[in-house]
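Peer 1: Sequence:
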Amino acid sequence: MPPFLNEIWVWVTAHASGLTAVAALATSLFALRVSTWSRLQNRRHNILSVQPDLVFELKDDEDMVKLLLSNNGLGPAKVDDMKVYYGEKLMTGENVEKIFNALTIIFPNDHVRREGNRATYLDAGVSISPNKPHDLVRFRLAHWKHDDVVDGRDKIRKHLNIIIKYKCLYGKNFEANF
Numbered sequence: 001m002p003p004f005l006n007e008i009w010v011w012v013t014a015h016a017s018g019l020t021a022v023a024a025l026a027t028s029l030f031a032l033r034v035s036t037w038s039r040l041q042n043r044r045h046n047i048l049s050v051q052p053d054l055v056f057e058l059k060d061d062e063d064m065v066k067l068l069l070s071n072n073g074l075g076p077a078k079v080d081d082m083k084v085y086y087g088e089k090l091m092t093g094e095n096v097e098k099i100f101n102a103l104t105i106i107f108p109n110d111h112v113r114r115e116g117n118r119a120t121y122l123d124a125g126v127s128i129s130p131n132k133p134h135d136l137v138r139f140r141l142a143h144w145k146h147d148d149v150v151d152g153r154d155k156i157r158k159h160l161n162i163i164i165k166y167k168c169l170y171g172k173n174f175e176a177n178f
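The sequence shown finishes on residue 178 if you use the working numbering, and the numbering steps up by one all the way, no holes.
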């Protein structure tokens, strides 16, 4: 063996316990780094896997119109706030009553009749589960015929604006607009 290798070998054997401790420290720091990275990636995945997605849908049945709200995401949506506007004017009232107040303005010459008692109430803190449509409002106008429904839907889309602010399980904020 060449002499310089012999000197290295003697130094390594003399300092073996210190070198072992340094190698163990380096290995544990690397493992800690990998563990932290893995945890962060897992958290990002979990946040994405429970992300809600609230979607509005306007449907008509004969002479009745339904405004539905669905959560097409993978996790529940926790409602923070719901605002209803007729154009730029903020509507007042309790919960979905705001929507009926706006509909009364949109259709001033007709009586807006609430159909059934199936309205979903969206107070702050209400949770909307995924893959289940909820009736926000279901109504008919006293003098509507089926042909009037298409024109009525267009008026609703033009003048009614609903903004729902909500969160996912991890507290990330979202907003749905109609």
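Read the hints as simulated data drawn from the structure, not as lab findings. Just so you know, even glycine gets a beta-carbon here, dropped at the ideal spot from N, CA and C. Any given hint could be a false lead.
[Stated by the list, open to error] Have a look at the derived ranges for each label pair, beta carbon to beta carbon:
| no. | residue 1 | residue 2 | range |
| --- | --- | --- | --- |
| 1 | Ala31 | Lys59 | 51 to 57 Å |
| 2 | Leu74 | Thr20 | 27 to 33 Å |
| 3 | Ser38 | Lys132 | 30 to 36 Å |
| 4 | Asn42 | Glu94 | 37 to 43 Å |
| 5 | Lys158 | Arg114 | 20 to 26 Å |
| 6 | Gly87 | Leu40 | 40 to 46 Å |
| 7 | Arg43 | Ala16 | 23 to 29 Å |
| 8 | Pro108 | Arg43 | 47 to 53 Å |
| 9 | Ala124 | Ser38 | 32 to 38 Å |
| 10 | Asn72 | Ser38 | 25 to 31 Å |
| 11 | Lys165 | Asp60 | 34 to 40 Å |
[Stated by the list, open to error] Straight-line distance between alpha carbons at most 27 Å, and here's what the computed DSSO-like set of lysine-lysine pairs gives:
| no. | residue 1 | residue 2 |
| --- | --- | --- |
| 12 | Lys132 | Lys59 |
| 13 | Lys66 | Lys158 |
| 14 | Lys78 | Lys172 |
Peer 1: Now tell me if each hint is right for this structure.
Peer 2: Evaluated hints:
Distance hint check: the CB atoms of Ala31 and Lys59 are about 56 Å apart, consistent with the given range 51 to 57 Å. Judged by the Cβ atoms, the range 27 to 33 Å given for Leu74 and Thr20 is violated: they are separated by roughly 48 Å. Here the CB-CB span from Ser38 to Lys132 is close to 34 Å, well matched to the stated 30 to 36 Å. Asn42 and Glu94 have their C-beta atoms about 42 Å apart, which keeps the hinted 37 to 43 Å range intact.
Restraint check, Lys158 to Arg114: a C-beta distance of roughly 22 Å satisfies the suggested window 20 to 26 Å. For Gly87 and Leu40, the Cβ-Cβ distance of about 45 Å falls inside the hinted range of 40 to 46 Å, so the restraint holds. The beta-carbon spacing between Arg43 and Ala16, approximately 41 Å, falls outside the hinted interval of 23 to 29 Å. In this structure, Pro108 and Arg43 meet the distance hint of 47 to 53 Å, their C-beta atoms being roughly 52 Å apart.
Our hint of 32 to 38 Å for Ala124 and Ser38 holds, since their Cβ atoms are close to 36 Å apart. Between Asn72 and Ser38 the Cβ separation comes to about 30 Å, which falls inside the hinted range of 25 to 31 Å. Checked against the hint of 34 to 40 Å, the pair Lys165 and Asp60 fails, with Cβ atoms roughly 28 Å apart. Taken as a hint, the Lys132 and Lys59 pair is honoured in the structure, with Cα atoms around 15 Å apart against an allowance of 27 Å.
Taking the CA atoms of Lys66 and Lys158, the gap is near 16 Å; set against the 27 Å cutoff, the hint holds. Proposed proximity of Lys78 and Lys172 is supported: the alpha carbons are some 10 Å apart, at most 27 Å.
Hint violations for this structure: numbers 2, 7 and 11, all remaining hints satisfied.
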